[in-house]
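Student: One letter stands for each residue in the lines below.
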Amino acid sequence: MNDTTTLAIETRGLTKIFQDRVVALSPTDLVVRRGTVFGLIGPNGAGKTTAFRMLIGLQRPTAGEARVLGEVMTPDAAGLRKRIGYLPTGPRFPPSSTPIEYLRLVGELSGLSRRQADERVAVLLRDLDLLNAAGNRIGSFSTGMVTRLGIAASLINDPELLIWDEPTSGLDPVGRRQVTDLIRFLGKKRTVVVSTHVLGDVDRVCDEVGLLYRGRLIYSGSLADMKRRVQSNVVELELDGDVERLLQRGANWELAASWEWNAPLLNITLREGAPVAATLGHLFTMIAEENLTLLSVNMGSDQMEDAFLRRLEEDRRGAILSDWSATE
Amino acid sequence: MMSRTAVRALGQAEMTAITRSWLVRGWCGFAVIAAILPMLSATAQDDNVSTLLGGWLIIYFIPSAILAAVFGASTISQDAEIAADSFLTRAVTRWDYVVAKLSSRAAVVALIHLCATIPMLFLSARWGLNDSTTVGLLMTSFITGMMLVFLTAVGVCTGAVLRNLALAVVVIMCAVAAEGLIFGFLEIKEFSPTSVLNELPETIRGDTTTWQELRVLLAFTAASLAGAAGAALAFQRREF
Chain A
63 MNDTTTLAIE
73 TRGLTKIFQD
83 RVVALSPTDL
93 VVRRGTVFGL
103 IGPNGAGKTT
113 AFRMLIGLQR
123 PTAGEARVLG
133 EVMTPDAAGL
143 RKRIGYLPTG
153 PRFPPSSTPI
163 EYLRLVGELS
173 GLSRRQADER
183 VAVLLRDLDL
193 LNAAGNRIGS
203 FSTGMVTRLG
213 IAASLINDPE
223 LLIWDEPTSG
233 LDPVGRRQVT
243 DLIRFLGKKR
253 TVVVSTHVLG
263 DVDRVCDEVG
273 LLYRGRLIYS
283 GSLADMKRRV
293 QSNVVELELD
303 GDVERLLQRG
313 ANWELAASWE
323 WNAPLLNITL
333 REGAPVAATL
343 GHLFTMIAEE
353 NLTLLSVNMG
363 SDQMEDAFLR
373 RLEEDRRGAI
383 LSDWSATE
Chain B
3 MMSRTAVRAL
13 GQAEMTAITR
23 SWLVRGWCGF
33 AVIAAILPML
43 SATAQDDNVS
53 TLLGGWLIIY
63 FIPSAILAAV
73 FGASTISQDA
83 EIAADSFLTR
93 AVTRWDYVVA
103 KLSSRAAVVA
113 LIHLCATIPM
123 LFLSARWGLN
133 DSTTVGLLMT
143 SFITGMMLVF
153 LTAVGVCTGA
163 VLRNLALAVV
173 VIMCAVAAEG
183 LIFGFLEIKE
193 FSPTSVLNEL
203 PETIRGDTTT
213 WQELRVLLAF
223 TAASLAGAAG
233 AALAFQRREF
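Listed in order, the protein sequences are those of chains A and B. Just so we're aligned, residue 63 is where the first sequence starts under our numbering, counting upward by one. Just so we're aligned, residue 3 is where the second sequence starts under our numbering, counting upward by one.
Wrong hints could be hidden among the right ones.
To be clear about the criterion: a stretch of chain A counts as covered by chain B if any three or more of its residues have a C-beta under 8 angstroms from a C-beta of chain B, and this derived list gives those stretches [to be verified]: (1) 113-123; (2) 128-142; (3) 154-160; (4) 164-178.
A few chain B positions that, by computed beta-carbon distances, are all more than 12 angstroms from chain A [said to hold, decoys possible]: (5) Q14; (6) G28; (7) C30; (8) V34; (9) A36; (10) M41; (11) E83; (12) A85; (13) A168; (14) T223; (15) A224; (16) Q238; (17) F242.
These aren't lab readings, by the way, just hints derived from the structure by calculation. Remember, predicted model here, so these are calculated numbers, not experimental data. Every residue, glycine too, gets a C-beta built ideally from N, C-alpha and C.
Build the full structure now, drawing on both the sequences and the hints.
Tutor: Here you go:
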């Protein structure tokens, strides 16, 4: 199979400089394979939205090109955009229209007949919990409702590629969970590219990630691989009760390298090569014997954040080193 | 390059949005008042209809020109983010968007103008001291209407370049005033709104030739098309 059939997105040297003053995106080679859920992560101002806007043809690259579904994206590539569902960050829609009017229009623009568009509108309004607001003007919508409307608009013609910029921003926890569940569901049949700075969302839904920092793509690959790089052997336990005796027993425990008590959290660093399952089993037995209440166990829920921060730190050091070597 | 389906769908949506616009509702109200007053005044005055209507049309034209400029300029300068998020990320080219916006706005401007001026001109002529001709009255309505369409097109073009609506309107007014002075000075009166307005009484009386009137119409049609092309080019270059 060639790249056209296997790749949903391929950028070569994609660069954006605004008004000869701001480098929003340094030359970027990004590859997203078809059928994956790809997360573009990075802090605010990293260049995620700029990259997405070039991928959908709202902005022209200063240099390089973006191929989407095998074709070069430009502002005039209307036919190509028919195959893409795009959700902008903080979307703005015609405030005097109702969701039905707007979605019907988007449906017609996407090549659906009036009848087909109306059928899709009814389904999407129900699925995205907008039925009660179907007759209201969009201008009266909350941020969360506008985001859900944007999601509905991006799905109107069942596109093969979804590009969603910050789909969970402005949503309450329930809304966020619904959207991440939806991404997981949609990702079974199509390619989904999402950007976010909420790492938990990426952890829940993405197969692959790209990490943008200050306009540079500093990592691109599988999420599992990114996590593996920072895999730690620290167990964090939240305990209730008198832990003094447990700490005394722990001091002589050969499987742990260190114990650190910072009420109510106990951080235990396991020795290299210690069998994790057996060690945890032993640990839980000790906790039960000391009549302590175990409130939570955490073995790497912050892995994603750690991986993210570590990669940023590596990049920062790398940049400094390269700056130095250039000076010398 | 352009999709008829997209232009039609966007044009229909724009028409719906326009009917909800307070600017257009206010404009319709103004046009109704502006149409009734000369009719009433025609019955009470001793002036000939051509002189009376020539004066009234100038009074009617100046606020209408400002409204047309605002109406045109606001379409892109104020809606740019909505255009980007709602339409340009779909199967729509920038040409589709500008053509749909401009044609629907120009149509609305022409419709409001014709609905107001044709009854105004013909009823005033009937009730006053009539020295007008039917062709003269029709041409007067068409010429002033075409000038408003021209201002709308220039408005859309300026709105595509400038993001600030107030600044865009000021620029349009200054540009049109300067254009009137320059073409008036060069005696190319077809392109000078001031000269055309001053000659309206003659047009109403039928003292101008059909060729002179057609030249004015063609001049403003060409200028409107140039404005439309400028709007499309400016919008094509714009980044969102």
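Student: Where does the structure disagree with the numbered hints, that is, which hint numbers, in rising order?
Tutor: 5, 11, 12, 16 and 17
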